[in-house]
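Novice: Mapped onto UniProt numbering, the consecutive letters of the sequence shown carry residue numbers 1 to 327.
Take the hints with a grain of salt, since some may be wrong.
Below 20 Å or equal to it, Euclidean Cα-Cα: the simulated PhoX-like pairs (lysine-lysine) are [as the list claims (entries may be wrong)]: (1) 137 to 162; (2) 186 to 228; (3) 126 to 137; (4) 162 to 126; (5) 228 to 248; (6) 137 to 186; (7) 130 to 179; (8) 182 to 137.
Here are the in silico distance ranges between beta carbons for each label pair [said to hold, decoys possible]: (9) 178 to 304: 21 to 27 Å; (10) 310 to 170: 42 to 48 Å; (11) 315 to 195: 27 to 33 Å; (12) 193 to 131: 45 to 51 Å; (13) 278 to 298: 32 to 38 Å.
Bear in mind the hints are in silico, worked out from the structure with no lab data behind them.
By construction, the Cβ of each residue, glycine as well, lies at the ideal position given by its N, Cα and C atoms.
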Amino acid sequence: MIKVVIAALVACLCEYFALQEILSTPNWFSVILLHAIASILFTFVSYVLIPKKYKTTLVNGTLLLFLLLFSLPVFGILGVVMALTFALCNPLKSDDTEIIEHEIPELPFEVPDISANPTYSIGGVKAILKYASEPNKRLTAVMAARHMRDSQAIPILKLALKDLEDDIRLLAYSTLDAKETKLNEKISAYQQQIANTTKQPELSNLQQQLAHVYWELSYLGLAQGALKTYVLEKAEALSLQSIEYAQKPANYVFLGRVYLALGHYERALDFLVQATELGMARRHVLPYKAEVAFCMNKYDDCKRYLKELPEQPKGSELRQLQEYWNA
Numbered sequence: 001m002i003k004v005v006i007a008a009l010v011a012c013l014c015e016y017f018a019l020q021e022i023l024s025t026p027n028w029f030s031v032i033l034l035h036a037i038a039s040i041l042f043t044f045v046s047y048v049l050i051p052k053k054y055k056t057t058l059v060n061g062t063l064l065l066f067l068l069l070f071s072l073p074v075f076g077i078l079g080v081v082m083a084l085t086f087a088l089c090n091p092l093k094s095d096d097t098e099i100i101e102h103e104i105p106e107l108p109f110e111v112p113d114i115s116a117n118p119t120y121s122i123g124g125v126k127a128i129l130k131y132a133s134e135p136n137k138r139l140t141a142v143m144a145a146r147h148m149r150d151s152q153a154i155p156i157l158k159l160a161l162k163d164l165e166d167d168i169r170l171l172a173y174s175t176l177d178a179k180e181t182k183l184n185e186k187i188s189a190y191q192q193q194i195a196n197t198t199k200q201p202e203l204s205n206l207q208q209q210l211a212h213v214y215w216e217l218s219y220l221g222l223a224q225g226a227l228k229t230y231v232l233e234k235a236e237a238l239s240l241q242s243i244e245y246a247q248k249p250a251n252y253v254f255l256g257r258v259y260l261a262l263g264h265y266e267r268a269l270d271f272l273v274q275a276t277e278l279g280m281a282r283r284h285v286l287p288y289k290a291e292v293a294f295c296m297n298k299y300d301d302c303k304r305y306l307k308e309l310p311e312q313p314k315g316s317e318l319r320q321l322q323e324y325w326n327a
């Protein structure tokens, strides 16, 4: 500590003599030399006085102090030393709030499942996506849709594609893309099996299964516009090839639904009638006949088909249609 005091006194004397030299006939070399010596001594004083945690780099630290002190002569040099050392030795005290550090959790490999049996209804999930202001709630709704049937989940996921949040749109898109990729993989697998099969009834069964996959792309809304027409026509062609060997009633109902989706109502009705003649239960055919009659503006036939249909469970869509048309 004695060395610090002596250095400070010598530095002050150097600054004093430099000031006297300036006030008289100045010899600028002597002035600069005295000021440089004072700056070196004050650098030593400052470096000794500052706390240890700031003495990490000897060369760079002392050089910075020297440049500060040398660039501010006379009274400035005292102000820098006092302000710098005082500020570093007496930092501002923070409040009593304690900072608790938490480890950053690792990102999960995939989005965790919500529940195997979600309690969300379709309408509730759609309402969350439309009206919930918090992005986390909307993200939860999209994840809940993954546990629904594809026919219920896909309209919800398409709604989520319009969300303003990137994370929600990306999750919805990736889920839809995964469903479409799965169906396309099925199509490729069936096409390979059909190419390697010539025997019946295996070939007929494969053709009908491939037709159902094409139909599913349209029914789920994964194919739109011209692509929808294409997949329906593929389903039609494969199903027609299939019934040439195996005339199953279910295949005729399927063809009736395909023609209904294509807008060929007369052909749809013909195949639905043939399905009934081949032994298909009327309760499985009448709803589609009613839909065909409605599309053809034959409302009396539509009402009659729904009246002939056995009473459906309460709350079902068919029950609501029956109540509406028979009111």
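Novice: Each hint needs a verdict: does it hold in this structure or not?
Specialist: Going through the hints against the structure:
no. : hint                   : verdict
1   : 137 to 162             : holds, 15 Å
2   : 186 to 228             : holds, 17 Å
3   : 126 to 137             : holds, 11 Å
4   : 162 to 126             : holds, 12 Å
5   : 228 to 248             : violated, 25 Å
6   : 137 to 186             : violated, 34 Å
7   : 130 to 179             : violated, 23 Å
8   : 182 to 137             : violated, 28 Å
9   : 178 to 304: 21 to 27 Å : violated, 44 Å
10  : 310 to 170: 42 to 48 Å : holds, 46 Å
11  : 315 to 195: 27 to 33 Å : violated, 46 Å
12  : 193 to 131: 45 to 51 Å : holds, 47 Å
13  : 278 to 298: 32 to 38 Å : violated, 24 Å
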